[in-house]
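Student: Residue strings, one per chain:
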Amino acid sequence: DAGVTQSPTHLIKTRGQHVTLRCSPISGHKSVSWYQQVLGQGPQFIFQYYEKEERGRGNFPDRFSARQFPNYSSELNVNALLLGDSALYLCASRLTGGGTEAFFGQGTRLTVV
Amino acid sequence: GESVGLHLPTLSVQEGDNSIINCAYSNSASDYFIWYKQESGKGPQFIIDIRSNMDKRQGQRVTILLNKTVKHLSLQIAATQPGDSAVYFCAENLNAGNMLTFGGGTRLMVKP
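Chains as they are written, first to last, in the numbering used here: chain A, 1 to 113; chain B, 1 to 112.
Extracted from the complex, chain A is given alone in its bound form (with noise of 0.2 Å):
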């Protein structure tokens, strides 16, 4: 069975720029979210979708955006990168809104230059 997908795995980038970046949950898992880690910290929440809807959002800038298509998968954009943006970027997947096992994929390294 596949677990949570993430691509591109690494993405180098210049400041200014912008950049997606695509997460698929596990089959039959409704919710997806999204976190940043910082290196040497913690994951921090950014964004949560549960089907199709915007469930919660964390205290990113509204250059932080994201998405949740009919069959469940994601994509989370961020525009005019700052430095401040290189980290590894998590996609979670759960069966439900919250509550439950949350399953992270291997993440997107982002590095803006």
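Any given hint could turn out to be false.
The following residues of chain B were derived to be distant from chain A, with all beta-carbon distances above 12 Å [unchecked claim]:
no., residue
1, Leu8
2, Asp17
3, Asn22
4, Ser28
5, Ile34
6, Gln38
7, Gln60
8, Leu65
9, Lys68
10, Ala79
11, Gln81
12, Pro82
Chain B stretches covered by chain A per the calculated footprint, using a threshold of three residues with CB under 8 Å from any CB of chain A [what the hints assert, rightly or not]:
no., segment
13, 41-54
14, 98-109
I should point out that these hints are in silico values taken from the structure, not numbers from a laboratory. By construction, the Cβ of each residue, glycine as well, lies at the ideal position given by its N, Cα and C atoms.
Please arrange chain B on chain A, whose structure you already have, making use of the hints.
Tutor: For chain B alone, kept in the frame of chain A given last:
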């Protein structure tokens, strides 16, 4: 692979010994708690969870203990193995809500 945490608290144990990793959580209303293991270059891996109506739960070689009075969570690993070397994070979830709040992480190093 890249290091997950360069300046995390570190617990160093001998192979075969038991390990105890501790975590203080922040929200007394949280009702679901999880421990994750993260190896270098990988995403967090689910280890074990517990709901707030319990104070102890056992898995294979792992036990999670919850003390709601002092908002403390611990992970016990029996007979620690070199493959257990990783960074361990606790996470709390509020009222079946959508957000996991992670602690700062502890690096476990197992000496052969």
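Student: Now look at each hint and say whether the structure bears it out.
Tutor: Hint-by-hint comparison with the structure:
no., hint, verdict
1, Leu8, "violated, 7 Å"
2, Asp17, "holds, 26 Å"
3, Asn22, "holds, 15 Å"
4, Ser28, "holds, 17 Å"
5, Ile34, "violated, 7 Å"
6, Gln38, "violated, 9 Å"
7, Gln60, "holds, 16 Å"
8, Leu65, "holds, 19 Å"
9, Lys68, "holds, 17 Å"
10, Ala79, "holds, 25 Å"
11, Gln81, "holds, 22 Å"
12, Pro82, "holds, 22 Å"
13, 41-54, "holds (count 7)"
14, 98-109, "holds (count 8)"
Checked against the numbered hints above, the structure breaks hints 1, 5 and 6 and satisfies the rest.
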